[in-house]
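Number of protein chains: 2
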Amino acid sequence: MIQIPQGFRLAAANADFRGKKLGRSDLGLVVSDTPAVAAGVFTTNLFRAAPVLVSQEHLSRGHDRIRAIVVNSGQANACTGEQGLENCRLSLRLVSDALAKTGVSVPPEAMLPASTGVIGAHMDMEKWAAAVPALAASLGQVDVEGLVRAMMTTDAFPKMAGRELALPGGTVRLAGVAKGAGMICPNMATMISLVLCDAAVDAAAWADMFRRAADATFNRVSVDGDTSTNDSLYGLANGASGVRVCEAGLPLLEKALTEVLGELAYMLVKDGEGATKVMHIHVTGAATDEDAEKVARTVGHSQLVKTAMFGRDPNWGRIVAAAGRAGVNFDPLALRVTLCGVELFRSGRPTDLDFDALLEEPLKAVDLPLDISLGDGHGEARLLAADLSHAYVSLNSDYRS
Amino acid sequence: MIQIPQGFRLAAANADFRGKKLGRSDLGLVVSDTPAVAAGVFTTNLFRAAPVLVSQEHLSRGHDRIRAIVVNSGQANACTGEQGLENCRLSLRLVSDALAKTGVSVPPEAMLPASTGVIGAHMDMEKWAAAVPALAASLGQVDVEGLVRAMMTTDAFPKMAGRELALPGGTVRLAGVAKGAGMICPNMATMISLVLCDAAVDAAAWADMFRRAADATFNRVSVDGDTSTNDSLYGLANGASGVRVCEAGLPLLEKALTEVLGELAYMLVKDGEGATKVMHIHVTGAATDEDAEKVARTVGHSQLVKTAMFGRDPNWGRIVAAAGRAGVNFDPLALRVTLCGVELFRSGRPTDLDFDALLEEPLKAVDLPLDISLGDGHGEARLLAADLSHAYVSLNSDYRS
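One line per chain: the protein sequences are Z and L, in this order. Be aware that the first sequence starts at 1, since it is given in the working numbering, and climbs by one per residue. Be aware that the second sequence starts at 1, since it is given in the working numbering, and climbs by one per residue.
Watch out, some of these pointers could steer you wrong.
[As the list claims (entries may be wrong)] Here are a few chain Z residues that face chain L, going by a calculated C-beta distance under 8 Å: (1) 47; (2) 80; (3) 262; (4) 307; (5) 308; (6) 317; (7) 348; (8) 351; (9) 389; (10) 390.
Since the hints were made in silico from the structure, they are not lab data. We treat Cβ as the ideally placed atom computed from N, Cα and C, and that holds for glycine.
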């Protein structure tokens, strides 16, 4: 069970945004008792949903005064124009007013909204108005899993990770949650992730470590290469532990944060739509890290490589062909490809090993290490990538029906 | 039926390269009675198969002295190292010797080899030696379809196109053949295509128009985004019609050549592995043609768009999200998306049309026009892209079993 960091209270309610009377919560709330420093990492898609735009606005006005995160599933409030922005702002006012009636004062501009679900439809503001009293009333009575469940769409399991960290001055806590499933890809996805921390940390240092941790984790996973309009990753640090992170403590906090985001990112791929495998791609020996990343992404996105992994087929030819078309210059004779510890390709040729016999068992595992060495350069990159299965096609060709 | 241009003779034989006694031909030959000017367009993959390397060598030594093309299916002779290059050269010598015994003199260095099939394995030179007498004996007794069938691997139907063209001075003929199916993508693929022409044309002009025609056709199709080690496109013009193409005739010949390659490229997508749909993507209004092409490729490669088309789902959200992550800067409010003539998206919002009712019938067709306007720029691009079906996953996850 993931502990809630100090000074945070969670809430959840059922607004029936999907209109299907599913009887599960679809509205979640995080409130910090005191203003927190906040970091945000957002989708790079040109089409940014209303909650992304509003969050960016609120962060730019006061990223050290954030008090709450409001998250809903079922309606993404994307491609909804001016009306969408108004609805987003109204939703925050409704939550703020409902909280005020329970004696909790959080102004709307101290809130960060996040939405996930069907895009294009306007949010149903009557459902918001009807649900916020129950949301406010539940504050402090919801645990981390209850918060995640309010965010889930097609996710098969709730995604949470936490750390307790002994620092000079005392113990601080990190708790992270995420929802994912479809449209997961580099540069964020149909993905919402929230990280709460009770350390006191300099706002700029927090934002910097957050960006780096996201780059090393969420931006190194791929389910299908598609990036959504709503991808958002928020981090709040409220200082409620009373522990101020000094210069020497920053790397320790960053390490713990990276581990939490790394666990969440792994869970996103493992629970990618239709995924049966997680390729752990590690490219080394490239001239630069950028070159290594290009090769990792080309291999990880290759439909032929993905279907081969689904079929438990040690098809070195597809891996080699993908590396060769990545737009990176390397010596084909230097390439080495190792799958699940078995070297498949070296010196421009497949090795003479009996791949099918050696790899029959290893390829039944969910996690498949795939090591690709391009030569003797120092550039390297990692990527977690899902396979491509019949279930992916079924889920995505029948999505609306 | 596609007529063979004058001065060319075709041959085919069964070498049983697949080792399965399939009883079908897998070795093809084109011989021009006189030296032809030749153009070649090759894979951009770093891993170029032995026949690609040997062809490039022969073209660089005398691109106006090419007499023959030797094509085999079943063994790709890719990732075969030095031995592969030696085998490739030996295969041409075997064909040359066999032809000499029938009184046809074609030196190996006037031949262009092309191979397709399983990569990594060495060619079986005993099978070559055993098959070349029958190949040489069949010269002149094989029609265009017979040549294509010797090239086919997982292709569902033979791909051929032809033109007769009245030019000042007389009539010239073009005949094109292609094989495709898997690994079809921009910048050539597991693709071999040959075009024969009996016009007399300047070698540089022929090479130039060939490059442009390939860019406008083969490099504008995508089945799965993967590029193979063997993709080759050859064009021979031998002048046997006696018609020399003058300055005024060049654009006419280029138009006919582009049409032939365009028909072949369309057939490649239609017969892409598991393909049930061909998206005709047309991006307009971009700042530059390059921007338009990036958007077209991102949409055409999106697994979510491809599965939606397979599912006959007018899912504008996936198309818009793909356009928005293409790495191209445009005004989201200016984007317009029209599928099968029905406008789905405009002014940052889905239109109010009843997509499901309007598009139920149109989406049952194989050919789906998808028009994407980014604004009022002059840049545009076209791409033909396959959908992503259960059959694709089945074919590619069971490939080796």
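Structure-based check of each hint:
1. With 8 Å as the threshold, the beta carbon of residue 47 (chain Z) comes within range of chain L, its nearest partner Cβ sitting at about 4 Å, so the hint holds.
2. Taking 8 Å as the C-beta contact cut-off toward chain L, the hint placing residue 80 (chain Z) at the interface holds, the least distance being around 7 Å.
3. Taking 8 Å as the C-beta contact cut-off toward chain L, the hint placing residue 262 (chain Z) at the interface is violated, the least distance being around 23 Å.
4. The restraint placing residue 307 (chain Z) at the interface with chain L holds, with a minimum CB-CB distance near 4 Å, inside the 8 Å limit.
5. At a threshold of 8 Å, the smallest CB-CB gap from residue 308 (chain Z) to chain L is about 7 Å, leaving the interface hint in force.
6. For the restraint placing residue 317 (chain Z) at the interface with chain L, the shortest Cβ-Cβ distance is roughly 4 Å, inside the 8 Å limit, so the hint holds.
7. For residue 348 (chain Z), the suggested interface contact is upheld, since its CB lies about 5 Å from the closest CB of chain L, less than 8 Å.
8. The closest approach between the C-beta of residue 351 (chain Z) and any C-beta of chain L is roughly 10 Å, which is over the 8 Å cut-off, so the hint fails.
9. For residue 389 (chain Z), the suggested interface contact is upheld, since its CB lies about 7 Å from the closest CB of chain L, less than 8 Å.
10. Hint status for residue 390 (chain Z): holds, given a least beta-carbon distance of 5 Å to chain L, under 8 Å.
Hints 3 and 8 from the earlier list are contradicted by this structure; the remaining hints agree with it.
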